[in-house]
Each structure stands twice: as C-alpha cells, then as structure tokens.
Amino acid sequence: MATLKAVRGTRDLLPPETELWNRVEATARAVFARYGFGEIRTPLFEATELFARGVGEETDIVSKEMYTWDDRARAASEKPQSLTLRPENTAGVVRSYIEHKMDESGLLQKLFYIGPQFRRERPQRGRYRQFWQIGAEVLGPAWSGSDSAVRDAEVLEMLATLLNELGVKGWRLALNSVGSSTDRPRYIAALRTALEPVKAQMCEDNQRRAETNPLRVLDSKDPNDQDIINALPKIADYLDDASRDHFEQVKASLDACGVPYVVDPRLVRGLDYYTRTTFEFTVPDGSGLGTQNALLGGGRYDGLSEMLGGPKAPGIGFAIGEDRLILTLQAQAAEAVTKKLDAFIAPMGIGQNPAALLLAKELRAAGLTVEVGDGTFRLRKSFEAADKLAHRMVIVGEDEVSSGVFTVKYFEAGEQVKVPRSELINVLKSYSIAMQYRAEANRTGYASDGLMADRRDEVAKEALENAVSLAQQVLSKSEKHS
RNA sequence: GCGGCUAUAGUUCAGUGGCAGAACGCCGCUCUGUGGCAGCGGAUGUCGUGGGUUCGAAACCCACUAGCCGCCCCA
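Be aware that the first sequence starts at 1, since it is given in the working numbering, and climbs by one per residue.
Quick caveat, the hints were computed from the structure, so don't treat them as lab data. Ideal placement from N, C-alpha and C gives every residue a C-beta, glycine not left out. Possibly wrong hints are sitting among the right ones.
Stated by the list, open to error - When the alpha-carbon atoms are kept at most 25 Å apart in a straight line, the in silico DSS-like pairs for lysine-lysine are as follows: (1) LYS312 to LYS101; (2) LYS361 to LYS381; (3) LYS418 to LYS388; (4) LYS199 to LYS340; (5) LYS312 to LYS110; (6) LYS361 to LYS388; (7) LYS429 to LYS361.
Claimed, not checked - Now the in silico label distances, taken between C-beta atoms and shown as ranges: (8) LYS64 to GLU204: 17 to 23 Å; (9) GLU25 to ALA256: 27 to 33 Å; (10) SER82 to ARG41: 21 to 27 Å.
Let the hints inform the model, and build the full structure from the sequences given.
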C-alpha cells in the first residue's frame with residue numbers, strides 16, 4: 001500500500017520550527033494589542049458568493065484558484081449551496097462586520113486574525129496551497145474616522161514596528177495610491193488609450209493584459225517593455241483632489257514617524273476592492289524567498305462593505321504571508337535558533353531516578369525548562385544527551401542527595417560548580433535570564449533601519465549586564481559553599 | 001495553468017547497464033562519577049510510484065506523483 005503523504009502544496013510544521021512560528025505569532029499579538037486591535041476568528045469556509053463579490057469575479061484568485069464545492073442540499077427541493085475555502089480573510093471579516101452590525105457601535109473597529117488560507121496555485125518556495133496569513137483590518141462608519149489618512153499611516157507604522165521587533169532586516173515599503181472608485185475608471189481608460197498604439201510592440205503577456213486588465217501591465221517585469229511602461233500615464237495624475245490630499249497626508253504622517261517608504265506608481269494590487277492607499281513590504285534578494293519577495297501587502301477598501309450589501313464602512317487592512325515571514329527570518333538568522341533547555345538532570349544509577357524526578361518537578365515549578373535522564377545511562381551518555389539538549393547538567397548522585405549539594409556543569413564554559421539545593425533555582429534562573437537577554441540583544445541589534453531600534457538595544461544591553469552580574473554574584477556565593 | 005531541473009540511508013550527496021556507496025548523524029564496545037577526542041564494530045534503504053527495454057536497470061524509455069527554479073499570480 002502506498003504510504004500516505006501530505007497533499008501537494010500542504011505541509012507539516014514540526015518542532016523546532018514551530019517554536020519560531022509561535023514567537024512570530026506572540027510578537028504579532030503583543031504589537032496588535034498595543035495598537036488597540038482585538039482578535040477575530042472567522043470560518044475557514046464561506047459562501048462562494050462572498051469571494052466572488054468581494055475579491056472580484058475576474059481576479060485570478062476567484063476565477064481559477066479557489067477550492068469550491070457544492071454542499072449537500074438539506075431537502076430535495078433545495079439547491080445545493082456553493083461553498084469555498086477562504087482564499088483570503090478580508091472578505092470574511094467585512095462579512096462578519098456587516099452581519100454583527102458592528103457599525104452601530106459607531107466606533108472604529110480594529111480587528112486582527114491569524115490563520116490558514118487556501119489557494120490552488122502551483123506550489124513553489126514561499127507559495128503553498130494552504131498558507132498562513134497574519135492580518136488586520138481597521139474599518140467603521142465614516143464618522144468614526146475610518147477613512148482618515150491617519151489610519152493608513154498608523155497601520156503602516158505598526159507594520160514597520162512589528163517587522164523590526166521580529167528582527168526582519170532590510171525591508172522596503174512600497175506605497176501608492178490607486179485612487180477612488182471614480183478615479184480608477186478614468187485612469188484605466190487613459191491607460192487603454194495610451195496602450196493602443198504601442199501594445200503591438202510588447203510581449204504576449206502584456207498584449208493580453210492591455211485588453212483584459214491594463215493595470216497589470218504596470219506590474220510587468222519584461223525588460224524589453226520597460227521603456228514603454230515608464231512612458232505610460234501615471235495614476236498620480238488622475239487622482240481627484242480628495243484622493244491626492246489623502247495620499248499627501250499619509251506620506252506626511254509617515255515622514256513624521258520616521259517610517260521610510262518609496263512611492264511606486266506602478267504598484268497595483270490584484271484584488272478588485274482596493275481604493276486609494278495600496279502598499280507592499282518586500283525583503284531583499286537572498287532573504288530566502290526567491291521571486292516571492294513580497295512579505296505582506298494591503299491597502300484601503302472604502303467600498304467593500306457596500307459591495308457586500310452592507311453599510312458604508314471605509315477601511316484599510318493588510319495580510320502578512322506568515323510562511324514567507326518565517327522563511328525570511330530563517331534565512332536571515334545569524335545562527336540557528338535551536339533553543340536549549342535550562343538544565344538536564346542526570347541521575348547516577350537507577351536508585352537516584354526518584355530524587356532526580358523530584359528535583360525536576362521543583363525546577364519546573366519554578367519556571368525552568370528541564371529534561372530528566374535515566375539512571376541506567378552511563379555517565380558518558382548522560383553528558384552527550386545533556387550537551388545536546390541543555391546549557392547545563394545537574395548531577396544527582398548518592399553524595400548529592402545525602403549532602404544536599406549538587407554538581408552543576410556548564411557546557412559552554414566547560415566549568416562545574418557545587419551548588420546547595422537552596423540556591424539551585426536562583427543559580428539556574430539567573431543564567432537563563434542572561435541567556436535570554438543575550439539572544440534578544442543579538443536579534444534586535446540588527447533591526448537598525450527602522451524605528452527606535454537604538455533605544456531598544458540600549459535597554460537590552462543594560463538588562464543583559466545586570467543579569468550577568470547577578471548570576472556571577474550568585475555563582476561566587478555558591479562556590480564559597482563548596 | 002505554462003516551461004525547465006530534480007527525486008538514492010535520518011541528513012547532504014556520489015554512483016553513465018553488471019554485488020547498494022561516502023561523509024555526517026545514529027547504536028554498541030574499549031569505558032558505570034566527569035563526556036566532547038580516539039580506536040574497533042553495527043544498522044542504515046520499496047534507489048519517489050507504476051509500467052517498459054534488456055540475459056541483467058538506481059542508471060535507458062514512457063506515464064504518474066512530489067519538490068525546486070522561472071513564468072502567471074499573489075501573501
């Protein structure tokens with residue numbers, strides 16, 4: 001019988017990699033909380049119609065990439081309902097906003113989500129059929145200020161902060177405005193007019209796009225067509241006064257906050273619902289993503305709620321490709337992030353197993369991560385297992401149990417000390433804290449091209465020094481005992 | 001959806017038609033209270049799956065599956 005495998009484009013996430021996933025998600029949750037976002041969890045599948053109306057019938061996502069099926073009808077007289085695994089989460093959030101009449105609170109809604117999405121694309125590095133997005137939406141009735149440029153800038157500044165806290169290096173924010181729902185048709189018409197005389201000179205793909213979706217011509221990477229594309233009309237010249245002013249306000253706020261960005265007049269997004277501000281964060285080559293270098297994307301969607309039959313509810317949101325974020329962090333990591341335990345407890349002989357387990361229980365209760373060996377292990381085997389798993393080994397032998405003074409071996413330093421049981425937790429803990437701060441300083445020390453990284457480094461360094469000196473005090477005290 | 005490359009031990013890979021290999025890792029012994037070294041020994045396996053050519057296939061041919069690269073698209 002053929003062995004069963006994860007289906008094409010899906011994969012298992014295993015330790016120790018899941019550790020990194022958890023850190024990314026915990027960091028995202030902490031940042032979102034500081035900016036006043038609450039979590040929303042919407043269903044993995046929705047009525048197909050939601051995505052057709054929200055994302056757009058003509059987009060590739062809806063027209064060829066969705067997992068759609070007919071759900072069984074309840075009665076013979078009923079038509080089966082067409083359902084779809086969500087290919088993105090914004091439509092679901094807005095559907096939920098409408099369904100629960102969130103607009104009636106009159107307040108701005110700030111919602112974030114973390115979860116899997118599904119698109120039937122050909123798998124590649126950084127592109128999977130089940131992939132994870134971390135996203136957030138800010139929306140509400142216009143009188144809640146949901147259409148204000150300050151919301152756009154706040155979301156972008158939050159993303160810059162999040163990427164810096166995660167330690168993503170070299171990110172680049174590309175920004176554009178695609179105009180209001182009336183600007184866009186005028187611009188598309190102008191594009192068509194400008195493309196008409198020149199499109200015959202362009203590559204096959206661009207000729208097709210010129211017909212079906214002229215905006216996408218701007219995305220083209222074909223080197224031969226670049227001169228023609230650069231000469232095409234710019235969206236900026238087709239924005240009405242309100243949209244132009246809105247975009248200027250977004251840029252002014254970003255400047256004030258020190259968030260670096262590049263205005264890219266060719267940045268157009270593929271989903272129909274985007275209006276005004278659109279953006280994309282990319283990472284440099286060599287960050288583990290190949291050509292899938294877009295880490296996250298998003299934009300404003302002032303008309304989406306109405307497209308779904310809801311009240312007017314302007315909004316802005318983004319989605320981070322979590323799989324890509326993880327790949328980037330892994331590629332950029334200076335050293336492997338395999339986390340070691342605080343201590344490995346090595347019982348000397350089967351008779352010491354109960355004492356070792358008791359010690360492990362106490363250390364674990366004190367918040368330390370601990371693994372226990374086996375008294376049948378040879379000392380050498382204990383050493384090898386301990387060195388692989390932990391920073392330190394605590395030897396539990398007959399002498400130790402009767403005297404109450406334990407031997408602690410530090411693998412990195414190659415030293416060992418005798419520590420009375422009463423001091424054991426403090427000694428192990430202070431070193432562990434120092435290790436944590438050192439790791440933190442290593443990680444955030446690189447986030448230099450964003451916000452406030454300098455100040456955070458100082459705090460981390462200071463804390464590290466304190467922890468190390470505390471650890472040394474405790475150690476020297478315990479050495480006197482021995 | 002299109003084009004290309006790849007698939008052999010836990011991992012990285014070698015193997016151009018004649019006994020299934022190396023390195024690292026793993027297990028054991030030298031060696032049951034101070035290891036990491038060294039020496040000796042051991043197990044690695046549906047050679048992605050299915051078919052075909054051949055006296056003989058990991059190798060050549062076909063199909064399929066999966067991964068990767070480039071498009072398309074997107075996060």
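Legend entry - Violated constraints from the hint list, given by number and in increasing order: 4
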